[in-house]
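J.: Okay, here's what each chain looks like letter by letter:
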Amino acid sequence: AQRVTQPEKLLSVFKGAPVELKCNYSYSGSPELFWYVQYSRQRLQLLLRHISRESIKGFTADLNKGETSFHLKKPFAQEEDSAMYYCALRATWGSQGNLIFGKGTKLSVKP
Amino acid sequence: GAGVSQSPRYKVAKRGQDVALRCDPISGHVSLFWYQQALGQGPEFLTYFQNEAQLDKSGLPSDRFFAERPEGSVSTLKIQRTQQEDSAVYLCASWGGAAPLYEQYFGPGTRLTVT
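Protein sequence lines correspond, in order, to chains S and C.
Counting in the numbering used here, the first sequence runs from 1 upward without gaps.
Counting in the numbering used here, the second sequence runs from 1 upward without gaps.
Just so you know, the hints here were simulated from the structure itself, not pulled from any lab data.
Please note that a few of the clues may not be correct.
[To be verified] Stretch by stretch, here's where chain S covers chain C in the computed footprint (C-beta under 8 Å, at least three residues): (1) 38-45; (2) 106-113.
[Unchecked claim] Label-pair ranges, simulated between beta-carbon atoms: (3) S:Ser40 <-> C:Ala38: 15 to 23 Å; (4) S:Ser52 <-> C:Asn51: 26 to 34 Å; (5) C:Gln50 <-> S:Ala17: 22 to 30 Å; (6) C:Pro8 <-> S:Ala91: 43 to 51 Å; (7) S:Glu79 <-> C:Gln84: 35 to 43 Å.
Heads up, the beta-carbon is just placed ideally off N, CA and C, and yes, glycines get one too.
Modelling step: build the complete structure from the supplied sequences, incorporating the hints.
T.: Next comes the structure, spelled out in structure tokens:
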């Protein structure tokens, strides 16, 4: 079964500290992996995807197929990073298929 | 341009009532998705349209849930005889963008509370 697991419901760090939001997935093929973010009172929006291999707002994520993980990292957290973060999987590469989401991790960055 | 819009933003229904939730996708987006997000959970897939064709409705939780997109643009999610377990945020997303970086663009959601 396709599944995305985010083990932490809440992650609280101080400003300037490194952040790692964990995501593990279960899928036998070659999925597409995404991180979505939802800031307070805003809609869900794409943060980054593994095929782009880019850094967005200082965040990066590397797909580790051996560990079936796609952890989100940022070396120095900022207060404006406080938000809900969802890891998501799409089973069919490049398709218009639906996303499978984890339960989300709430990141709180304290001053 | 305008993003995905949904209406109403909030809906309170008494148990047993029927509700209709509307989604206006981004103009020109062929594919449209509905998700249900219960409190403390991630969004869960309900159904998917390509133009007016409903290609996947495997996520609809019961036959009380019905979705349509008759002209391939606006979509309506209808829930008949609402139950308390239907209380959730219902998200609509349309799919598009520039190749190869297509993505799903989400609406603000409709928060349904069944009392």
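J.: None of the hints should be skipped; say for each whether it holds.
T.: Taking the hints in turn, this is what the structure says about them:
no. : hint                            : verdict
1   : 38-45                           : holds (count 6)
2   : 106-113                         : holds (count 4)
3   : S:Ser40 <-> C:Ala38: 15 to 23 Å : holds, 19 Å
4   : S:Ser52 <-> C:Asn51: 26 to 34 Å : holds, 28 Å
5   : C:Gln50 <-> S:Ala17: 22 to 30 Å : violated, 44 Å
6   : C:Pro8 <-> S:Ala91: 43 to 51 Å  : violated, 32 Å
7   : S:Glu79 <-> C:Gln84: 35 to 43 Å : holds, 37 Å
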